[in-house]
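Novice: Spelled out, the chains give:
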Amino acid sequence: MGPLAVNEIISENTNLFLAFIIGIGFGFVLEQSGFSSSRKLAGVFYGYDMVVLKVFFTGAITAMLGLLFFSLFGWVDLGLVYINPTYLSSAILGGVVMGAGFIMGGYCPGTSFCGASIGKVDGMVFIVGLFIGVAIFGGGYPIWEKLYWAQDLGSPKISKSLGLSDGVFALLLILVALAMFWVADWAEKKFPREEY
Amino acid sequence: MNPRIILAIFIIPLGLIIAAVPQNKTKPYKLTAEQLLSEANTRSQYISPETVADMIVKNDPTLLLIDVRSQDEYEKFSLQGAMNIPITDLLAEQYVEILDQDTKMNVFYSNGTITANEAWMITRQLGYKNNYVLEGGLNYWFEVILNPTEPASTSSDEEFAKYDFRKAASSALGGSTTTIQPANTPLTNSPKPVIKTTPKKKKPAGGC
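In order, the protein sequences belong to chains G and R. Per our numbering, the first sequence starts with residue 4, numbered consecutively. Per our numbering, the second sequence starts with residue 196, numbered consecutively.
Source of the hints: derived by calculation from the structure; they are not laboratory data. Check before you lean on any hint, since a few could be wrong.
Cut-off 35 Å, straight-line C-alpha distance, at most; resulting in silico cross-link-like pairs (DSBU-like, lysine-lysine) [said to hold, decoys possible]: (1) G:K43 x G:K123; (2) G:K163 x R:K324; (3) G:K193 x G:K149; (4) G:K43 x G:K57; (5) G:K160 x R:K271; (6) R:K299 x R:K324; (7) R:K299 x G:K160; (8) G:K149 x R:K271; (9) R:K324 x R:K391; (10) R:K271 x R:K299; (11) G:K163 x R:K271; (12) R:K324 x R:K271; (13) G:K163 x G:K57; (14) G:K163 x R:K391; (15) R:K391 x G:K160.
Sample of chain G residues lacking proximity to chain R, with all beta carbon distances greater than 10 Å (derived) [claimed, not checked]: (16) N16; (17) G50; (18) Y51; (19) L68; (20) D125; (21) F134; (22) I177.
The beta-carbon is built from N, C-alpha and C at its ideal position, and this holds for glycine as well.
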């Protein structure tokens, strides 16, 4: 049956419309969980507030379990689900740049729009910075084009490179996530921050 | 109760289940027996020898002839540009990319149509598109393309046009007829089928 758009059960436009609805829901939940506060987001780097880690890890394992069960029931063909290809050097470099921006600005791209939409000035400034970054990347593309496409690993799966089945890897990841939640709780107690 | 513990109670068993069950590797786009039967009944898998001959003459790059007979038979005689996939090796891994694709029109042929039809049914059952069968097989090919018989003088114009085309194709493809016909002989054969494409996996946009 699924993926719906790939199997042409729904049209491309319906797909975009659903993405729009889900996007609004996503933004709403982000805002309600306090992700529009740059202090809360930056907390993950200092240890006083680990909500980012908890929310995204929960989101990841929920989606993972959902996809695996859907595949088990024959509702979705995982072979047709797009896996973002890994270009190792640009992934690492991009991760560093993004992480540095995250610490300095207190937002990641999605949450900056979340913050700006409720009138946070730092969110708006972040968006301006974001577009400056986009312009620099686009304008200087010929300079880093080679690096950008270097070390193409295709679409690797961790489970495959470890020689595990997807299910066993999922169980391990769930256990890791629960352990991380426990570490996060410990960190929040260890590095408390009074006012933010 | 601590929400962390509730989450753990809920999610660890799910993880255990998913770790214990075998992975679902069945392809949901496989055809059911009913679908395959109705498709076979429409005879839409057949490509007429005229269409194939026309494509060979025009060097149509979308045509791929696949000889499903044994290697011996293939070496003795094969159609121009055909490759050999003996029916016994049909499911070999090296042929998957050839059989399951959406850029070419694969035409299976054998002496009659039985073996070619077997190949078509098996690949169709696997959900592969763009595989066809040469109507009548090589026997019919010899009969109509390489040694066409002149229709009776009472036949319709259409029959004659068909004959002219067959004769032209025959001379182009090394048949016995010696008369060379002009290349602009009108075609009366069925149009070649449209190659069906599978939509590519779509790139999602977004992130954190």
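Novice: So, for every hint listed, does it hold in this structure?
Specialist: Outcome of the hint check:
| no. | hint | verdict |
| --- | --- | --- |
| 1 | G:K43 x G:K123 | holds (14 Å) |
| 2 | G:K163 x R:K324 | holds (29 Å) |
| 3 | G:K193 x G:K149 | violated (44 Å) |
| 4 | G:K43 x G:K57 | holds (12 Å) |
| 5 | G:K160 x R:K271 | violated (47 Å) |
| 6 | R:K299 x R:K324 | holds (10 Å) |
| 7 | R:K299 x G:K160 | holds (31 Å) |
| 8 | G:K149 x R:K271 | violated (51 Å) |
| 9 | R:K324 x R:K391 | holds (7 Å) |
| 10 | R:K271 x R:K299 | holds (26 Å) |
| 11 | G:K163 x R:K271 | violated (45 Å) |
| 12 | R:K324 x R:K271 | holds (29 Å) |
| 13 | G:K163 x G:K57 | holds (26 Å) |
| 14 | G:K163 x R:K391 | holds (32 Å) |
| 15 | R:K391 x G:K160 | holds (30 Å) |
| 16 | N16 | holds (13 Å) |
| 17 | G50 | holds (18 Å) |
| 18 | Y51 | holds (18 Å) |
| 19 | L68 | violated (5 Å) |
| 20 | D125 | holds (17 Å) |
| 21 | F134 | holds (16 Å) |
| 22 | I177 | violated (4 Å) |
The structure fails hints 3, 5, 8, 11, 19 and 22 (numbered hints given earlier, in ascending order).
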